[in-house]
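K.L.:
Each of the two chains sits in its own frame; use the hints to bring them together as a complex.
Going down the list, the protein sequences come from chains R and U. Taking my numbering, I'd label the letters of the first sequence as residues 1 to 115. Taking my numbering, I'd label the letters of the second sequence as residues 1001 to 1112.
In short, the hints are calculated from the structure, not lab data. Cβ atoms here follow ideal geometry from the backbone N, Cα and C, with glycine treated the same way. This list has only true hints and no planted wrong ones.
Between beta-carbon pairs, the in silico distance windows are:
no.	chain 1	residue 1	chain 2	residue 2	range
1	R	GLN54	U	ASP1053	26 to 36 Å
2	U	ARG1051	R	PRO8	32 to 42 Å
3	R	LYS78	U	ASP1031	27 to 37 Å
4	R	SER62	U	ASP1079	45 to 55 Å
5	U	HIS1076	R	ASN51	37 to 47 Å
6	U	ASP1053	R	SER58	22 to 32 Å
7	U	GLY1016	R	LEU39	26 to 36 Å
8	U	GLY1097	R	TYR10	26 to 36 Å
9	R	LYS78	U	ASN1027	25 to 35 Å
10	U	SER1112	R	ARG81	41 to 51 Å
11	R	ASP63	U	SER1112	46 to 56 Å
12	U	MET1078	R	GLN83	39 to 49 Å
13	R	GLN41	U	ASP1053	27 to 37 Å
14	R	GLN54	U	PHE1039	22 to 32 Å
Mimicking DSS-like on lysine-lysine, the simulated pairs with C-alpha atoms at most 25 Å apart in a straight line are:
no.	chain 1	residue 1	chain 2	residue 2
15	U	LYS1058	U	LYS1005
16	U	LYS1057	U	LYS1071
17	U	LYS1042	U	LYS1104
18	R	LYS11	R	LYS78
19	U	LYS1005	U	LYS1042
20	R	LYS11	U	LYS1042
21	U	LYS1005	R	LYS57
22	U	LYS1042	R	LYS78
23	U	LYS1104	R	LYS57
24	R	LYS11	U	LYS1104
25	U	LYS1104	U	LYS1068
26	U	LYS1058	U	LYS1071
27	U	LYS1104	U	LYS1005
28	U	LYS1058	U	LYS1015
29	R	LYS78	R	LYS57
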Amino acid sequence: GAGVSQSPRYKVAKRGQDVALRCDPISGHVSLFWYQQALGQGPEFLTYFQNEAQLDKSGLPSDRFFAERPEGSVSTLKIQRTQQEDSAVYLCASSPTRGFHNEQFFGPGTRLTVL
Amino acid sequence: QQQVKQSPQSLIVQKGGISIINCAYENTAFDYFPWYQQFPGKGPALLIAIRPDVSEKKEGRFTISFNKSAKQFSLHIMDSQPGDSATYFCAAFNQAGTALIFGKGTTLSVSS
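Pulled out of the complex, with its shape left as it was, chain U reads as follows (with noise of 0.2 Å):
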C-alpha cells in the first residue's frame, strides 16, 4: 500500500515553463511534508517543506501548493531551468514524526 503517491513519474518541460509535480496521500495523520531533489549519483537534499495548516508557501522559484481536504499537494517549479532537471521526491514523516515516506518520484528534464 503506497502512502504517499506521485504523478507524473516522468516530465519534460521547455526551459522558463512551469514544472508541477503532483502527490496525495492517505493518512491524516501525517503532518509534515518536504520534497527532495535528487540528482543522479546523489543522495536526495531537502528542497522546501510544508505544514498542512498553511495552503502556500513559496521559496524563490519553488512553491507548494497544499489542499489540505483533498489530501493533495504539488511542487511547482516556475522559469525552470536546465539545472533542475533531476529527481524529485515528495515525502510525509510517519506518524512518530522521525522516519521519511517518499513517493516514487519524478524524474523532470528541462530541455535548453
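Okay, chain R solo, but in the shape it has when bound (with noise of 0.2 Å):
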C-alpha cells in the first residue's frame, strides 16, 4: 500500500511570505506527527494529532506556525510570515494507533528554503 505522502517536495519562499505543506497520511492511521529537521541535524517534534484533534502542540517554534487536521486525515502545516531560520525539511508521520510508543511512518518530507 501506499506510504505517507507529503506536497510539495521542494518549496522556495522569499521571506516573509505564507506557506502550506500538505501531508496524507497512511489510509486509516489515526495519530500524525509533524517535525522539522535541520540540514545535519535530527528531527525535532513539532506537533502530534490523534485523530482531528491537535493533542500536543508543545514543539511549535513561535505561533507563525500553525498545523490542522479537520477531518482526521490529511494534514497542512502552515507557516506565516517566513523567515530564513524556518529553512528545513518538514517530515511528517503517521501511526495507526493512538497507543503509546508505536511505529511511526514517515513520510519524504518538504525541503522548505526560505530566502
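P.N.:
In C-alpha cells form, the structure reads like this:
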C-alpha cells in the first residue's frame, strides 16, 4: 500500500511569504506527527494529532506555525511570514493507533528554503 | 539542552566490518528507544527498538546493547555492507510516549 506522502517535495519562499505544507498519512492511521529537520540534524517534534484533535503542539517554535487536521486524515502545516531560520525539511509521520510507543511511518518530507 | 546525545557524527567502515554507534540520555522517564535509518531524500524508517529492561536485542545483522545504569545504548551493525550507508538516528519517546526525541544522527559510509 501507499506510504505517507507529502507535497510539495520542495518549496522556495521569499522571506515574509506564507507557505502551506500538506501531509497525506497512511489510510486509517489515527495519529499524525510533524517534525522539523534542520540540515545535518535529527528531526525535532513540532506537533501531534490524534484523529482531528491536536493533542500536543509544544514543539511549534512560534505562533507563526499552525497545523490542522480537520477531518482526521490529511494535515496541513502552515508557516506565516516565513523567515530564513524556517529553512528545513518538514517531515510528517503517521501511526496506526493512539497507543504509546507505536512505530511512526515517515513521509519523504518537504524541503523548505526561505530566501 | 540535548536530551539524547549521539556519537560519532560520522563513521567510515570497511565492507564486512562492525559499525558501532553510541547514544546516551539523561531523562530516566524515557522507557522506549528506537533506532531509525534515513537515506538521502527519504524519511527515517524504523530499524530496531528496545526497552530498558532488556540488555540486548538482535534482529539480523543489527544489535542494540542497553546499559540502564549508565543510561547508554548502542547500535552494532555486523558484517556492514555498502547498502547500509545511511544516516542513523537513535531516539527516545517523550514522557507521554507519543513524540520521538532524536539524536543528531550518525552518517555511516561503508566502503566496498
